[in-house]
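Asks: Here is what each chain is made of, one letter per residue.
Protein chains: 2
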Amino acid sequence: MKAVGIVVEYNPFHNGHLYQVEQAKEITGADVVIVVMSSSFLQRGEPAIVSKWSRTEMALANGVDLVLELPYIYSTQKAETFANGAIAILDAIGCDYVNFGSESGDILAFKQLVSFMNQHQTEFNKLVKEFTKLGYSYPRATSSAFSKLQTDSNVLQLSEPNNILGYHYVKAIKEQRSAIQATTTLRRQAHYHESTISPHPIASATSIRKAIAETDLQQIEHVVPKQTFNLLATYKRNYLTLHTWEHYFDLLQYKVLSTNREQLREIYECEEGLEYRVYETIKKASSFAEWMQEFKTKRYTWTRLQRLATHILTNTSKVEMEEACAFVKPSYIRLLGMTRNGQTFIKKTKQHRETPLITKFAKAEGIQAQIEERITNVYLSPLQKKHQLHEMRQEFSRSPIIY
Amino acid sequence: MKAVGIVVEYNPFHNGHLYQVEQAKEITGADVVIVVMSSSFLQRGEPAIVSKWSRTEMALANGVDLVLELPYIYSTQKAETFANGAIAILDAIGCDYVNFGSESGDILAFKQLVSFMNQHQTEFNKLVKEFTKLGYSYPRATSSAFSKLQTDSNVLQLSEPNNILGYHYVKAIKEQRSAIQATTTLRRQAHYHESTISPHPIASATSIRKAIAETDLQQIEHVVPKQTFNLLATYKRNYLTLHTWEHYFDLLQYKVLSTNREQLREIYECEEGLEYRVYETIKKASSFAEWMQEFKTKRYTWTRLQRLATHILTNTSKVEMEEACAFVKPSYIRLLGMTRNGQTFIKKTKQHRETPLITKFAKAEGIQAQIEERITNVYLSPLQKKHQLHEMRQEFSRSPIIY
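These protein sequence lines are chains A and B, in that order. Throughout the first sequence, residue numbering follows numbering that gives the first Met the number 0, covering 0 to 402 in sequence. Throughout the second sequence, residue numbering follows numbering that gives the first Met the number 0, covering 0 to 402 in sequence.
In case anyone wonders, no lab produced these hints; they're calculated from the structure. Be a bit skeptical, because a hint or two may be false.
Identical chains share a label here; the pair holds if one copy fits it or two copies do between them.
Straight-line Cα separation of at most 16 Å, EDC-like style, residue types lysine to aspartate or glutamate; simulated pairs [unchecked claim]:
no.: 1; residue 1: 384; residue 2: 289
no.: 2; residue 1: 147; residue 2: 261
no.: 3; residue 1: 125; residue 2: 105
no.: 4; residue 1: 328; residue 2: 364
no.: 5; residue 1: 1; residue 2: 95
no.: 6; residue 1: 24; residue 2: 394
no.: 7; residue 1: 147; residue 2: 129
no.: 8; residue 1: 125; residue 2: 289
no.: 9; residue 1: 24; residue 2: 279
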């Protein structure tokens, strides 16, 4: 049995994701599709609109065979760490292939770039440093350094978000000496940052979330599979909300206003005096949107600052992130859901697997589990008390969803 | 000009307080009444029902000439530390007398007891330790130790709450070598813990708060001066709430659920594994009342556990409390309000005063001010955003209330 892995957020699962699942199978000829999916908070530093369990169901209903958790220690990170964690998990479960969507669509270009960058690492780092000194944000500094270093215009464009992730997947596979074979699919139509929904059946997750937030679920019916639509509707009906940053703002503000600047500095990604800026801006803000407008700065990307906000909200420190990310191999793999086909894969590959596969969170141990417990607690905080307490209990005892 | 000091919470100011103000003046013949009043959180570990500013107005309207802030580092503490801080401030402002209500009413009994206890300190400490080992709460252990040591039944009963405070005021005066002269007034009628309101014009603050919480303001009209009644009504109308623990429960729960047990242990008064009990009980609770029912234990008094909850909510650590309380003298005296008479006293005594008198919080410095800023932030958190932000700004810039 051959398996192809995909790194996902499914926030929410849409027709573009469905297309990718089909493509990944077709390109690789794999029998099993495995996704490693961000748990509660996402790479752009925001809460997932619905729980990992709802998103797992969306995936299993649409061709995915196994859903594994990408824990917080990797999910809310810059591309490099995010990719390292995701590849390590896909390698540990026993994937043969990985597939990712990209603006390029040419896997060779990624491999060449990884080699090229390996040869020019010192030069590149020096250029990044120079651009950073000019006040460029880190992504802008790297892309400028890259342009200066690589004058061949046929080469992979690292300014595109999915190309960056793809580059880091390929790099991680190489660095981890994994046997996984990377493949890529050209992304169809919707640009990552596109923010309005057209009548076309493919739309970006960003535009889908925007449509949900600004109007109602009906607007997205034609761009998501029916199970996604139903699951979102059910979640909203049961919990009265789809999670957004605004639901967490009171907690974030309380957290900052009740924390000394010295303590804020201990939070992961709180660098270069950002603790003062966080405190001074949040004490004047009445909403998350209002706060971000005041907080934002040329020096850091919006995404980077949202990730910092997430780490503050979840009380995640530099010290524990360093400890948690120090291991190259994940300490466990957590299974969130599977099809019968996925179940067969799990059994057949069992003997080759070194990393423990956890089906109940109660059995997870170590710093990664300790952080993840806290993350779940925080993620569930805006729910009504009865749902919050119920979901917190459930998180420990529930078995993977079988589809 | 002679001044008499009173240590108060005025939560809220009622007819019993009015009586005490009059008595304090009469007994001592003082021209000026100075109160040192708890800022935002109280000795029993709960938020004041209305802001320090409303409570200051209540006081000034009813015979008090100067209102000074008793900062959090003293206000939410066991009797000994509470009394030490309060006496230090009354001494620093230049009080000639202090007056306190007591179940005894005989100042000589307090002085004799302080001397007696000084002579039997070692014996007493040993007895307390023995009773604590038997699982007694600290107050029960001290009162049992005291009964065993002091067999004379005519002596002061330390099981009465106001006698305990009085004892510590007299002890603090002695230990701080203050020239303040202690006086006491027999408390009239209402017992401290009494919890229902009778038609009589004197009722306990506990019963008044209970009546407000369970029915409406009208129920307390006959037991408080009209200014108290109007100020409570105005506060409730403006801010939609009188502060209770339930308004802070979501924040407290979030705080505990997002904090590792090791970090919880750093919180002031979090001793002997209480961090586990806090975490395990709060994750199942849907309200503060429900939580306290689960959290309470024979080993600690309800009050002690509520104080711990307050320190968790306000993120107050052992380290900073140790630093803040290390000074015998307060680093500043903060003036919240005054009458013309009080203003005259301030001017006349200026040359003898060593401790800076702060009229705007923006000018306060040091660890005491740093903690107090955070306390104010937390206290104001449950208000509607516009009020919360406005009051936080105001706290820094507003001048004392002049009545």
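Asks: For each hint, tell me whether it holds in the structure or not.
Replies: Each hint, compared with the structure:
no., hint, result
1, 384 / 289, "between (27 Å within a copy, 12 Å between copies)"
2, 147 / 261, "neither (39 Å within a copy, 48 Å between copies)"
3, 125 / 105, "neither (28 Å within a copy, 80 Å between copies)"
4, 328 / 364, "within (14 Å within a copy, 49 Å between copies)"
5, 1 / 95, "within (6 Å within a copy, 89 Å between copies)"
6, 24 / 394, "neither (31 Å within a copy, 63 Å between copies)"
7, 147 / 129, "within (12 Å within a copy, 76 Å between copies)"
8, 125 / 289, "neither (36 Å within a copy, 59 Å between copies)"
9, 24 / 279, "neither (51 Å within a copy, 45 Å between copies)"
Of the numbered hints listed earlier, those contradicted by the structure are 2, 3, 6, 8, 9.
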